[in-house]
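Novice: What follows is each chain in one-letter form.
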Amino acid sequence: MSTPHGGDPDTEPTQDSTTTAASGAGEVKSRVGLRYTLSQVKRDTTALIGIYIVGFITLVALFAAIDYYIFDYAIAEAIMYDPERDPDEVNRLLPPVGMENQFGSGVLEHPLGTDHRGRDIFTRLVYGTRVAMTVGFMATAIGLVGGTLVGAVSGFYGGWIDDVLQRFTETIYAIPFLVLVIAFMTAFGRNLTFAMIGVGITAIPVFNRLIRSRVVSIREEDYIEAARAAGVKDRHIILRHIIPNSFAPVLVQATLQVGVSILIVAGLSFLGFGAQPPTPSWGQMLSQSRGYMLPAPTFSIWPGLAILFTVIGFNILGDGLQDALDPRINN
Amino acid sequence: MTTPLLTVDNLKTQFFTEDGTVRAVDGISFDVYPGEIVGLVGESGAGKSVATSSILRLVDSPGEIVDGTITFKEKTLFGLEAGPDGEPRPSEEMLTEEEMRKEVRGREIAIIFQDPMESLNPVFTVGGQLREFIELNRDLPTEEAKQEAIDMLREVGIPDPENRYDEYPHQFSGGMRQRVLIAMAIACRPDLIIADEPTTALDVTVEGQILELVAELQEKYDTAFIWVTHDMSVVAEICDRVNVMYLGEIIEQAHVDDLFYNTKHPYTQALLNSIPRPDETIEELDPIKGVMPEAINPPSGCRFHSRCPEAREVCQRVHPEPRDLSANDRPHNAACVKYDVFDVGYDASPPLETDATGGFSAGLTQTESEAEADGGDR
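Residue numbers (the numbering used here), protein chains in the order written: chain A, 1 to 331; chain B, 1001 to 1378.
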């Protein structure tokens, strides 16, 4: 049966489907979904750099996490140093290899130098990645899941449900987030878990508003009406139809939010509210290096660079994703 | 014939807006018998789509069904009874929202929407959506549902259904998508399918194919249809019986042959005269004069009198209820006082001066309001 090519210029002619499938094996089929997103990102150099940075940091963090949780720093001790325990022979505040300061000259065993208790800075940087990434991803995940659900329900039902949920999130939004997180941690406990939860909660309004604005327009689409007419449950409509169709901007925001969360938790650690010693974390390293800025500036520079590198990586990736997913920019 | 499959009695659906109450559907009654195709015809804004969503109880706030009874296979889809305080309340037999969702929507009554471009979710594959729908409404395990989905796609004339199963809606043309939606509608073997202007968004050749397909499937599964359209030629093609709607009311109700060859109501006649024909020039075309009035404040008397070429003074005063004017054994109801059965003195009444009767000239204002009305479909 022959079918005239419809009015939609994007529509692939039906009859050609077999030939296109054969000739273009790598041809992207859907304009949505993970595979499509990746294929778009690959075309964008900036996004690609972001992917590499994030991928690299993630690998380092994975290594650190495996060593910490499974081997209890056995690998670290074998090839480097224990990042937590003070060494027996004290080489405090050594500079990086090839440099000199009042405490001595850099040695190859400590390529980036040592901290105020003689621990190897490089090892602590590597193991600090675990904390940074865990915090970044967990806080974002809490904000993402919470914000998406609240926003989707709010936008889908409208009316008083919408009013209540939106006023509630605006209340969270109105409190300065650092004050909120510190108050939260003071109430529940000063450790990393509550830092993550606290930062996650402050991220809920961001995602909530983003997804709600999308849902309000998608709610009116015919396929939602069609699903209702087919006897589909509201819950199912929200999870299967509304959320997947509103997800592109959320993905971008989530990527940026990971960087933001890392930064916030580093700030919290600096204030003494994040990871507690001796757990290696970048913010805490910065905090400890405060007293040694003049005699050993490299002590504070390294964790600062690590934070910078990671956050920039996520921001580049987020920007790249935004461009890749924006239908107005690419075709 | 046997007992009706669906009975709609005195259905009233109103929208409570800030400007006032819009009586989108104002007391319509009709039956659908098993296996027949019933047309619901009228201009944009006549209340056709609201009537169909009322049947499935899918009217959104600020709209509400305020009166009437809808019975489907001895189930009360909607019904009111007097509460203890005299206020009407939903009757006890009326299905709950839960029962509507689980038992009626999709399973017993399916609906095909106007715009096939928008009725499929763009982020999932066509086959996946069809499979999910079958799983949901027929309680089949995933593998069987998939096989069933592929069979359905083949049945509605999608070539190479195994491969097209994994494609996304944007890879289908409009006609193909409408076929998918038809597959979705018949997949659960409902007794009634509501087709809400399913061919309006398609070009004429595809429209022909779709009508052919529907006729074929209708014969095979013996499904009843409510076919909503504004296109008289589609009605002639496919329908068994026709209800003509104007401003929320059914003004003529007849077998399709009687409607075309023995037209009773001036509005139906005007609709038929509005169809462009190849043997007529644009000057010869005789469209209905004026625009349909707002349903918020319908004209007094007969609602069509403001545009009726045969309007007389009495039409402003008397609101006609449809009566049987049949010349043969098939019922043929129409609501126009010009017939003697109404006996309200139409013949003695002086003709009314309106646009349609040629009293006033149709000026610029009318053209503007027509342009406005064009954007307001649905």
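Don't take every hint at face value.
[As the list claims (entries may be wrong)] Only pairs whose alpha carbons sit at most 25 Å apart, straight line, appear in this in silico DMTMM-like list of lysine to aspartate or glutamate:
id	chain 1	residue 1	chain 2	residue 2
1	A	LYS233	B	ASP1191
2	B	LYS1075	B	GLU1087
3	A	LYS233	B	GLU1087
4	A	LYS233	B	GLU1207
5	B	LYS1102	B	ASP1231
6	A	LYS233	B	ASP1222
7	B	LYS1012	A	GLU100
8	B	LYS1073	B	ASP1009
9	A	LYS42	B	ASP1009
10	B	LYS1075	B	ASP1060
11	A	LYS233	B	ASP1009
12	B	LYS1012	A	GLU220
13	A	LYS42	B	GLU1093
14	B	LYS1073	B	GLU1103
15	B	LYS1075	B	GLU1043
16	B	LYS1102	A	GLU220
[To be verified] Sample of chain B residues at the chain A side, in silico, Cβ under 10 Å:
id	residue
17	GLU1103
18	GLY1106
19	ILE1112
20	LEU1140
21	ALA1185
22	HIS1230
23	MET1232
24	SER1233
25	HIS1255
26	VAL1256
These aren't lab readings, by the way, just hints derived from the structure by calculation. Ideal Cβ positions, reconstructed from N, Cα and C, are used throughout, including at glycine.
Novice: Has the given pair, B:LYS1073 with B:GLU1103, been kept, meaning a C-alpha gap of at most 25 Å?
Specialist: 12 Å, holds
Novice: Is A:LYS233 close enough to B:ASP1191, meaning Cα to Cα at most 25 Å?
Specialist: With a Cα-Cα distance of about 22 Å, the restraint between A:LYS233 and B:ASP1191 holds, given a limit of 25 Å.
Novice: Hinted pair, alpha-carbon criterion (25 Å max): A:LYS233, B:GLU1087. Please report holds or violated.
Specialist: Violated, at roughly 31 Å.
Novice: Hint check: is the beta carbon of B:ALA1185 less than 10 Å from a beta carbon of chain A?
Specialist: With Cβ-Cβ at 9 Å, under 10 Å, it holds.
Novice: Is B:LYS1012 close enough to A:GLU100, meaning Cα to Cα at most 25 Å?
Specialist: Roughly 90 Å between the alpha carbons, so the hint for B:LYS1012 and A:GLU100 is violated.
Novice: Run the distance test for A:LYS42 versus B:GLU1093: straight-line Cα separation, threshold 25 Å.
Specialist: Measuring from Cα to Cα gives roughly 60 Å; hence the hint is violated.
Novice: Using Cβ atoms only, decide whether B:MET1232 comes closer than 10 Å to chain A, and label the hint accordingly.
Specialist: Violated. Min distance 23 Å.
Novice: Within 25 Å, alpha carbon to alpha carbon, are A:LYS233 and B:ASP1009?
Specialist: 28 Å, violated
Novice: Regarding the pair A:LYS42 and B:ASP1009, is the alpha-carbon distance no greater than 25 Å?
Specialist: This hinted pair is violated, its Cα atoms lying about 61 Å apart.
Novice: Checking one constraint from the list: CA of B:LYS1075 to CA of B:ASP1060, max 25 Å. Satisfied?
Specialist: 22 Å, holds
Novice: Quick one, is the B:HIS1230 hint okay against chain A at 10 Å, beta carbons?
Specialist: Violated - the Cβ of B:HIS1230 stays beyond 10 Å from chain A, reaching only about 18 Å at its closest.
Novice: Straight-line Cα separation of B:LYS1012 and A:GLU220 no greater than 25 Å?
Specialist: 24 Å, holds
Checked against the numbered hints given earlier, the structure breaks hints 3, 4, 5, 6, 7, 9, 11, 13, 15, 20, 22, 23, 24, 25 and 26 and satisfies all the rest.
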